[in-house]
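K.L.:
Using the sequences and the hints given, assemble the complete structure.
Be aware that the sequence shown starts at 1, since it is given in full-length UniProt numbering, and climbs by one per residue.
In case anyone wonders, no lab produced these hints; they're calculated from the structure. Note that this is a predicted model, so its numbers are computed, not measured. For every residue, glycine included, the Cβ atom is placed at its ideal position computed from N, Cα and C. Warning: the hint list may mix true and false statements.
Claimed, not checked - So the derived label-pair ranges between C-beta atoms look like this:
1) L26 with L85: 23 to 29 Å
2) W34 with T142: 45 to 51 Å
3) P51 with E191: 50 to 56 Å
4) R322 with R56: 48 to 54 Å
5) T215 with R289: 32 to 38 Å
6) H52 with L85: 38 to 44 Å
7) P285 with P104: 34 to 40 Å
8) G277 with T215: 30 to 36 Å
9) A295 with E81: 36 to 42 Å
10) R311 with E286: 16 to 22 Å
11) G277 with R53: 56 to 62 Å
What the hints assert, rightly or not - Quick list of in silico lysine to any residue cross-link-like pairs, SDA-like style, CA-CA up to 25 Å:
12) K184 with R164
13) K96 with P259
14) K35 with I47
15) K96 with G75
16) K35 with D62
17) K184 with R301
18) K96 with E113
19) K184 with C166
20) K184 with D252
21) K184 with G130
22) K11 with D62
23) K35 with S65
24) K184 with Q163
25) K184 with G116
26) K184 with K35
27) K184 with P129
28) K184 with G317
29) K11 with R164
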Amino acid sequence: MLQEEVLALLKGQAAPRSGEDMSRELGVSRAAVWKAITALREEGYVISSAPHRGYRLEASPDRLSPGELRGALAGRVIGRELICLETVDSTNSALKRRAVAGAPEGTVILSREQTGGRGRRGNSFLSPPGGLYLSVLLRPQTGLRELMWLTAWAGVAVCDGIQRCCGVRPGIKWTNDLILSGRKVCGILTELGMEGESAWPQYVVLGVGVNVQQTEADFGPQVAPVAVSLRQVLGSAPRRADLAASILLALDEMRAAFPGESARYLEQYRRDCVTLGREVRLMGPEGARPAVAEAIDEDFRLVVRLPGGARETVNAGEVSVRGMLGYV
1 MLQEEVLALL KGQAAPRSGE DMSRELGVSR AAVWKAITAL REEGYVISSA
51 PHRGYRLEAS PDRLSPGELR GALAGRVIGR ELICLETVDS TNSALKRRAV
101 AGAPEGTVIL SREQTGGRGR RGNSFLSPPG GLYLSVLLRP QTGLRELMWL
151 TAWAGVAVCD GIQRCCGVRP GIKWTNDLIL SGRKVCGILT ELGMEGESAW
201 PQYVVLGVGV NVQQTEADFG PQVAPVAVSL RQVLGSAPRR ADLAASILLA
251 LDEMRAAFPG ESARYLEQYR RDCVTLGREV RLMGPEGARP AVAEAIDEDF
301 RLVVRLPGGA RETVNAGEVS VRGMLGYV
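P.N.:
What follows is the structure, given as structure tokens:
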């Protein structure tokens, strides 16, 4: 879409860009560039213009679009194909459908709302307008043991992205919830597709849902005690496009490091994990069991001490962890 291509050019440099230069680079007429500029202004972009100098982007609305993100992700694997939606059932579900159809690694789907957001163990994930919901397609060529690390690695990467954009670093509630002010600001869901005959991994879809602009009223009385948005913590919300670009860049760095730099991601995960040292409940098929979270092992599993003194290593696929006193 020409409008998005023009936006990407304007965002790519601070100096004014002439309509003639843009028309030449994009292979269209100057009149077509002018129409695209007009359409962008109608969507809330502030674009100045001056004779013999050209157009310059002065301010942008809070909008998710390929043009907003393409410049920041230029040359990266993640973001090579960007699909931006207003609403979707689930970005993970939509991307899994494309993965099966052969979409390339690095394809990203973003949305401002999900009508059927999902979390771990079949739980629903509240996804009202005002959040940032995105999914990334990976096709790692590695064994199952390493693939089981990806959710934890993604937790570190998303913490990196939020910190770079917002100046605050969340903690990680084992295994896949990011925490600010003692409440959940982000959830991560990793889903794996396998080839039926060989049982070889075919794709990984990594989903990230960040609470950005929501208020307590948006969450509702049941969710508000355990959820928080960046707006509530910071006093103002970041632009979702800026946050998305920062998170996707961090995930691209993670992709390039996986799985060889496990020691670095493990060290950071242990520093970020707010579960360690706390009394928790292990929620599994046999019911709830009390324990104390003591360590993260080399495979990002949680090591706990049970009331009788025995130690046990638990896997995220087997149990979930809840705080004894509050969410964390």
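K.L.:
Against each hint, give a clear statement of whether it holds in the structure.
P.N.:
Taking the hints in turn, this is what the structure says about them:
no.	hint	result
1	L26 with L85: 23 to 29 Å	holds, 24 Å
2	W34 with T142: 45 to 51 Å	holds, 49 Å
3	P51 with E191: 50 to 56 Å	holds, 54 Å
4	R322 with R56: 48 to 54 Å	holds, 51 Å
5	T215 with R289: 32 to 38 Å	holds, 36 Å
6	H52 with L85: 38 to 44 Å	holds, 40 Å
7	P285 with P104: 34 to 40 Å	holds, 38 Å
8	G277 with T215: 30 to 36 Å	holds, 32 Å
9	A295 with E81: 36 to 42 Å	holds, 40 Å
10	R311 with E286: 16 to 22 Å	holds, 18 Å
11	G277 with R53: 56 to 62 Å	holds, 59 Å
12	K184 with R164	holds, 19 Å
13	K96 with P259	holds, 22 Å
14	K35 with I47	holds, 13 Å
15	K96 with G75	holds, 24 Å
16	K35 with D62	holds, 21 Å
17	K184 with R301	holds, 20 Å
18	K96 with E113	holds, 18 Å
19	K184 with C166	holds, 16 Å
20	K184 with D252	holds, 24 Å
21	K184 with G130	holds, 15 Å
22	K11 with D62	holds, 14 Å
23	K35 with S65	holds, 18 Å
24	K184 with Q163	holds, 16 Å
25	K184 with G116	holds, 19 Å
26	K184 with K35	violated, 43 Å
27	K184 with P129	holds, 17 Å
28	K184 with G317	holds, 20 Å
29	K11 with R164	holds, 19 Å
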